Amino acid sequence: PSLALSSTSTSIPVNGTATVIATSSVVGAGPASTGAITYGIISFLGGASATIQANTGVITATASGQIVVAAFQASDANYTSASASITIDISAGQQVLSFGAASYTLLTNQTQTITATNNVGNGGAITYSITAGSGSATVNDITGQITGIAAGSVTLTAQAAATSNYNASSTSVLVTIYA
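My numbering applies: residue 14 is where the sequence shown begins, and numbers increase by one.
In short, the hints are calculated from the structure, not lab data.
From a predicted model like this one, the values you see are computed outputs, not experimental measurements.
Please note that the accuracy of each hint is not assured.
What the hints assert, rightly or not - Ranges of calculated distance between the beta carbons of each label pair, as one might list FRET restraints:
{"id": "1", "residue 1": "Ala175", "residue 2": "Thr73", "range": "13 to 23 Å"}
{"id": "2", "residue 1": "Ser177", "residue 2": "Ile155", "range": "32 to 42 Å"}
{"id": "3", "residue 1": "Ser104", "residue 2": "Thr124", "range": "37 to 47 Å"}
{"id": "4", "residue 1": "Gly113", "residue 2": "Ser15", "range": "48 to 58 Å"}
{"id": "5", "residue 1": "Ala164", "residue 2": "Gly60", "range": "45 to 55 Å"}
{"id": "6", "residue 1": "Gly146", "residue 2": "Gly59", "range": "35 to 45 Å"}
{"id": "7", "residue 1": "Gly146", "residue 2": "Gly113", "range": "31 to 41 Å"}
{"id": "8", "residue 1": "Ile55", "residue 2": "Asn132", "range": "25 to 35 Å"}
{"id": "9", "residue 1": "Thr151", "residue 2": "Thr73", "range": "34 to 44 Å"}
{"id": "10", "residue 1": "Ser15", "residue 2": "Gln79", "range": "24 to 34 Å"}
{"id": "11", "residue 1": "Gly134", "residue 2": "Gly53", "range": "20 to 30 Å"}
Glycine is no exception: its CB is placed at the ideal position from the N, C-alpha and C atoms.
Please model the entire structure based on the sequences and the hints provided.
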């Protein structure tokens, strides 16, 4: 038989999935091949990492780069084995930051640590900054410890740095400071 390989996507982000699909065809009027089709990753390029389900062709990307996926069709009583391959690009994924509350409050001269969480375990380092509003505060850019200086509101922003596997990301939250 002849084996053709396609994919639901030839470019997937880290933590994304795609499915490769093998199509077996016979030239001429012969019977269809009954050989089982399995899938495997035969090459990892540029630091790429991924897994594939051998029986379904579902790929899960875990690190950016490029992979080469192959489909193998076993021989049967009528045909020898066949194979085909396809290259899949794995791009940087999206890390999403979130704060534990929709907004925060504190008093002037009060200190509170407000941190963001990242939806990925190996995302970029998170740093913090304050955008002045009607109030005033300081923040430790590494720990997220904020101190109210003057009554009003400020915006606390968390920024996750880009990595080889994830794009940069940021989120903000309103902090109201009372006298």
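Tested hints:
Range check, Ala175 to Thr73: Cβ separation about 21 Å, and the 13 to 23 Å hint holds. Range check, Ser177 to Ile155: about 22 Å between beta-carbon atoms, so the 32 to 42 Å window is missed. As the Cβ distance of Ser104 to Thr124 is approximately 40 Å, the hint placing it in 37 to 47 Å holds. Remark: the range hint 48 to 58 Å for Gly113 to Ser15 is upheld by a beta-carbon distance near 56 Å.
At about 50 Å, the beta-carbon gap between Ala164 and Gly60 stays in the expected band of 45 to 55 Å. For the pair Gly146 and Gly59, the beta carbons lie near 44 Å from each other, so the given range of 35 to 45 Å is met. About 21 Å separates the C-beta atoms of Gly146 and Gly113, a value inconsistent with the hinted range of 31 to 41 Å. Distance hint check: the CB atoms of Ile55 and Asn132 are about 31 Å apart, consistent with the given range 25 to 35 Å.
In this structure the hint that Thr151 and Thr73 lie 34 to 44 Å apart at CB holds, the actual value being about 42 Å. The hinted range of 24 to 34 Å is satisfied by Ser15 and Gln79, whose Cβ atoms lie roughly 25 Å apart. Our hint of 20 to 30 Å for Gly134 and Gly53 holds, since their Cβ atoms are close to 27 Å apart.
The structure fails to meet hints 2 and 7 from the earlier list, while all remaining hints are met.
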